[in-house]
Amino acid sequence: MTEHLSLCTWLATPQWTGLSVLSGSQYATMLNQLTILLTSNFPLKVGSNFSIIGLNVTIDGNPDNVSVSGNDILSYALWSDTAGKLTVFVKAEVNSTSFTVQVVNPSYGRDPITLGAVCSDCVSFAPSYLVYNANLTSGLATVALAPSSCGKDGQGIALYGSDCQYKCYGVVTDKYCVCNAGQFGPGCSQSLGTPSQVQTKSIPPGEAASISGSGGLSVSLPAGALLGSQTISVAVYDVSNLNLSQGTTETLVPAGPVIIFTPAGLRFKKPITIRIPYNPDKIPANLRPYVFYYNSSSLNPWERQISTPRPNATPPVLEALIDHFSGFTPLGANPPSNSDSSSPASSSTAPAAPPTYTASSSASGFAVRLQVVSPMSDTFFSSNSDQIKQALAEGLRLNVADVNSPTVIGYVQRRSNQSLSFSADLKVDNPLGFVESVQANASQTLTRLNVAFSQRSIPDATSFSISLIPPPALSSGAIAGIAIGSVGAGLVLVAIGWMVYKERKRRNVEKRYAISEPPAQQAAPLPVQESPVSADGFSVSSQFVVEPTFQNQGFHYYRWS
1 MTEHLSLCTW LATPQWTGLS VLSGSQYATM LNQLTILLTS NFPLKVGSNF SIIGLNVTID
61 GNPDNVSVSG NDILSYALWS DTAGKLTVFV KAEVNSTSFT VQVVNPSYGR DPITLGAVCS
121 DCVSFAPSYL VYNANLTSGL ATVALAPSSC GKDGQGIALY GSDCQYKCYG VVTDKYCVCN
181 AGQFGPGCSQ SLGTPSQVQT KSIPPGEAAS ISGSGGLSVS LPAGALLGSQ TISVAVYDVS
241 NLNLSQGTTE TLVPAGPVII FTPAGLRFKK PITIRIPYNP DKIPANLRPY VFYYNSSSLN
301 PWERQISTPR PNATPPVLEA LIDHFSGFTP LGANPPSNSD SSSPASSSTA PAAPPTYTAS
361 SSASGFAVRL QVVSPMSDTF FSSNSDQIKQ ALAEGLRLNV ADVNSPTVIG YVQRRSNQSL
421 SFSADLKVDN PLGFVESVQA NASQTLTRLN VAFSQRSIPD ATSFSISLIP PPALSSGAIA
481 GIAIGSVGAG LVLVAIGWMV YKERKRRNVE KRYAISEPPA QQAAPLPVQE SPVSADGFSV
541 SSQFVVEPTF QNQGFHYYRW S
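The numbering of the sequence shown is UniProt numbering, which starts it at 1 and goes up by one.
Don't read these hints as lab results, they were simulated from the structure. This one's a predicted model, so the numbers in the text were calculated from it and none came from an experiment. A few of these clues could be false.
Said to hold, decoys possible - Estimated spans, in silico, between C-beta atoms of each pair:
| no. | residue 1 | residue 2 | range |
| --- | --- | --- | --- |
| 1 | A313 | P112 | 37 to 47 Å |
| 2 | F89 | D238 | 24 to 34 Å |
| 3 | D429 | G151 | 41 to 51 Å |
Said to hold, decoys possible - Derived lysine to aspartate or glutamate pairs resembling EDC-like cross-links, with alpha carbons at most 16 Å apart:
| no. | residue 1 | residue 2 |
| --- | --- | --- |
| 4 | K45 | D72 |
| 5 | K91 | D60 |
| 6 | K269 | E207 |
| 7 | K282 | D323 |
| 8 | K270 | D460 |
| 9 | K389 | D378 |
| 10 | K85 | D60 |
| 11 | K269 | E303 |
| 12 | K45 | E93 |
| 13 | K175 | E207 |
| 14 | K282 | E303 |
| 15 | K45 | D153 |
| 16 | K270 | D323 |
| 17 | K270 | D174 |
| 18 | K201 | D72 |
| 19 | K91 | D121 |
| 20 | K269 | D460 |
Just so it is clear, CB atoms sit at the ideal spot from N, CA and C, and this is done for glycine as well.
Produce the entire structure from the sequences given, and follow the hints as far as they go.
Dropping the structure here:
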């Protein structure tokens, strides 16, 4: 006799346990892609349906045949515009299901709204049981777009840029081009189409987690990568006409799909590992496979990641360390000049060493100063200074001879530990260009430094800063020499000295009769947020705070200056 599960034997009342909605765009009037994850404490019945309620959006097309994409649901859904309700149909008995749907954001700015879920007859052991929750999550805020400051060209295509010199196939706000869902690249000039697969998962705070998909796709998060709970999603797009000619001077060859990780701009406290499928046969013999992402803030926007090819895996994959979510794709490219990454691709499981430039600088002196903060003791620093120097050179892609021996600055008190601050002077051919390049790619530089540190058992850097070394001030002897060398200059110095003497005397007299007052209150420094935030707002990477821009670290928002 088979015993069937019933509502009486169920230990808990059937209910929804979570609803997460990831929004691809927060801007009003924009075509947007929502990724929705719904979880329950009961298995959904095959053939039943459930509804997401409270969606204050517009869905174009036939409301009785809305296209949705998910592993456990049918490919069509029903939409009620007046009720803001989207109904999807279940095809697998699961406790957690996710899907994507394209919508149009409202034409006005809006605060976050409350969303819920409802189903009837979706519990297999409890016919006609109603599962309802009207307050599962809050989200889907929209921000009004600023008016465009550029017009259109002769073909009616919107223009953007500092001089309105670029074409935008998305939406222009002020001088920026913002991409609709499914667009990416410079000026939103390319289309992604429909994803071939989407994987979504809710990650508990502080825990290690992973997501796996077909074709070797995977994402691995170490414990502590996220401070708070977060739902993440990975979508795979098979783009057959990927255009790599815009904004780059190097030879790049497409070698696999475009992978979009959302929420875009989400930053991690520790680097995470991604593995994306690629086709080694598409890469010419003179090129090597790398993971790239499109960074529109860079002069060379296709930015190479620290990558390890696994050509003998089944199927072949590229492994890379990243510190934020964006859009990534495998490309064939020439190895960096004078780097050890020009060696043949290895199928070893050992992590690949980051590229290290071996050519020595022709500069005559040290003109750049790097300052690093890391949780280590001064004793550890002293006994490992040579290893630290090598790691700095490797992370910055410099010759070891062009990195001066690091020196201790002092201890920095953090919330949870005491860290050591140390500095090293650098010799580079173009100091200003080098500093600007590192500052523009601060998060990637920090990742490279920490990979080099980890390979030498050095504690990860929590922050760093880089700047030009100011020219030395003139000594008193030099000033005296200048005065002696010129009678006219000497007379000027005497006059200046007499005026300084008179001014000090006047201030001393005033100070004698001054009424003591308390010092003026100074504004407290703004706290640096610890939680990860979208690149739509302030992006925080260690101690680096990037002002808000419409650039979304890759495939959504683009700014040219």
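Exercise. Any of the earlier hints contradicted here, and which numbers?
Worked result: Per hint list: 5, 7, 11, 13, 14, 15, 17 violated.
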